[in-house]
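These are the residues of each chain, in order.
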Amino acid sequence: MNEQSVSSQEQGTQRITLGKAINLGLRRAMERDPKVLLMGEDIGPLGGVFRVTDGLQKDFGSDRVVDTPLAESGIVGTAIGLALAGYRPVCEIQFDGFIFPAYDQITTQLAKMHYRSRGKSQVPVVIRVPYGGGIGAVEHHSESPEALFAHTAGLRVITPATPADAFTMIQQAIASPDPVLFFEPKARYWDKADVDVTAADQVLDAPGDVRAVVARAGTDVTIAAYGPSVTTALRAATAAESEGTSIEVIDLRSISPIDIPAVAESVRKTGRLVVVHEAPTFLGAGAEIAARISEECFYHLEAPVLRVGGFHTPYPVSKLEEEYLPNLDRVLHAVDSVLQH
Amino acid sequence: MFTPGADGVNAPVGETDDDLIQLLTPDGERVHHQSYSPRVDHLDRVALEGLYRDMVLVRRFDTEATSLQRHGELGLWPPSLGQEAAQIGSGRAMAPRDYAFPSYRELGVVWTRGVDLRSTLHLFRGEDHGGWDPNEHNCHLYTLVIGSHALHATGYAMGVQRDGDVGTGDPGRDRAVVAYFGDGATAQGDISEALTFASVNDAPVVFFCQNNHWAISEPTQRQSRVPLYHRGRGFGVPSVRVDGNDVLASYAVTAEALERARSGGGPTFIEAVTYRMGAHTTSDDPTRYRTRADEEAWRRRDPIDRLRILLEREGTPPEFFTGLENEAEEFGAEIRDYCHAIPAPPIERIFEDVYATEQAQISSDRAWLTEYLAGFEEAAS
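Listed in order, the protein sequences are those of chains A and B.
Take the first sequence: its letters are residues 5 to 345, numbered as in my numbering.
Take the second sequence: its letters are residues -10 to 370, numbered as in my numbering.
With the rest of the complex left out, here is chain A (with noise of 0.2 Å):
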């Protein structure tokens, strides 16, 4: 194939699925990079159970976009094998629920190998995840295990709200010389806006923490949210509006690290915090983000941190999930309590 004309169609602005835009994301990092490889099970022929590798395969070969054996240490493990062989693979697991045979090869091994060989030995694995519910699944296709990696050093754990966030910082992830789980929130999946296809590669000079950005200006509170929940978050701060409070929603983006300093910032402002994710609030994301703002903002606190997230239960089944998400009612819930101190 041409691949040149494929690229050049695709400049400039194009309204494009969040999907659609990992998928060209992908694609441009493949173009950039020979070394660059992706693996996983049905993302050939099928393109993907959710499509996110569509037509890669007939234009890159099956040497570089690989359907492996149905095993997901399997994908893991040789990745970590082709990475110390030069190569940069780009692992797709179907569904977050099951990325677990691969939990000890990422936490144990891809990890660990750049620590325990003092820097000589760089597994630059990108792991894509969907995750999140909101989409009706049966069981184990709608988690959010994101803690659990964040939780082990080594790891790099980051998560795009929309588009054009998607297109560039899956070429992070791809640039970046560290291992990094990519969850991709499924159920926005189909969001569409405007992205700038031409954009992303000055950011891949300086492959390093992925910053949190203000996704909507505001002065009484300030909702931290990532993934799927930024979505809800600004439809909360536009409800509030509306009753006259003006919310400042902070996209995270990035789990491992956390962009703190971020949020604090945005803290010493309002004095009011929520934080907002699909996954267990226990132990989660949000627990340590209320942690450290309780260190750093003390002074500035008008109210307890307050989270809004799953139950410590496991994923319910999808008649009940809706109560079980962060929705925007108990968003809204959680701003009225914050505000009432």
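Everything labelled a hint here was simulated from the structure, so no lab data went into it.
Cβ coordinates follow ideal geometry from the N, Cα and C atoms, glycine included.
Among the hints, a few may not be true.
Derived SDA-like pairs: lysine to any residue, alpha-carbon spacing no greater than 20 Å straight-line [to be verified]:
1) A:K196 / A:T235
2) A:K124 / B:H118
3) A:K116 / B:Q348
4) A:K124 / B:E341
5) A:K323 / A:I139
The following label-pair restraints were derived from C-beta to C-beta distances [stated by the list, open to error]:
6) A:V218 / B:E116: 24 to 32 Å
7) B:L362 / A:A307: 42 to 50 Å
8) B:L362 / A:V218: 49 to 57 Å
9) B:I331 / A:K196: 58 to 66 Å
10) A:R55 / B:G153: 29 to 37 Å
11) B:G156 / A:P73: 19 to 27 Å
Position chain B against the provided structure of chain A, taking the given hints into account.
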């Protein structure tokens, strides 16, 4: 049963259920094998003396390291005593361009890769998690979690394929990978997944399983109801069983497997039957689970003794052995001195190389510890 390819090139020679490839008996007698003997024909007396020296020095190091642990200089040591032939034979069959993924008892293997054996002491002294540069020796670090690195070896071999370094016919280009693991590891899912990935990809990787009969305290029968080399066949991987205390046979079967891998014939599973003559590690107590008679029976199959008998019969002069004894003694003294001189790691090492690039949480933790420690210095001044 394994079905060979249409042209038969993938079929390992000598593969029958009861076959144990042996080219040198415990009594030092050569055994002729139609397919494998030619693989060692080129090893003249000097080459055999080299293999003997390898095994003697590796055993000397192992004995010294065990002793250093007993004197409190090492936190732990996993003795390789008794497994020298399997490790030296297979390791010497590798070319410099090939790549080894050892487990943690592979002292002989890393010796053949040109790693300074003293660098293995750092890990067991608690000074380093690794100890050498994997890229310098084409030899990965020890992997401590059982079986995990078989997947890394397979992935590395898939990288070799993508580099185009398989089946070119150019001996300076074609290369392969060897994954070392033990009988216990065959029960791990990662070994099965590695065999699957290697098989469906025809990856140039050799699975070298040292069946040393014991996974700490559990005999091989607790890991498998079939001979371990049958495992490979279930995955369509040519498999062979070799006397792992026979350095010549270990060399020959590995050489054949490597040749097949480098030429594009795919993976091989080798079961090298050997015996862990020492404890699992210095923390272990084998008297609780095996008999002295068992150990004595295997002592009579010592891999070093049988090669010495052969060498003496084939004309190696006594001066070679006395010279080597002196060399081994000096080697031992150097090991002790080196170990005592390993400095304690600086505190900053805690934070180094967790990430390849700066990471905010690491920076924050490092800053906290630095400030905390500085507080003591201020208090003291």
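For this structure, which hints from the list above don't hold up?
Of the numbered hints, 6, 7 and 8 do not hold.
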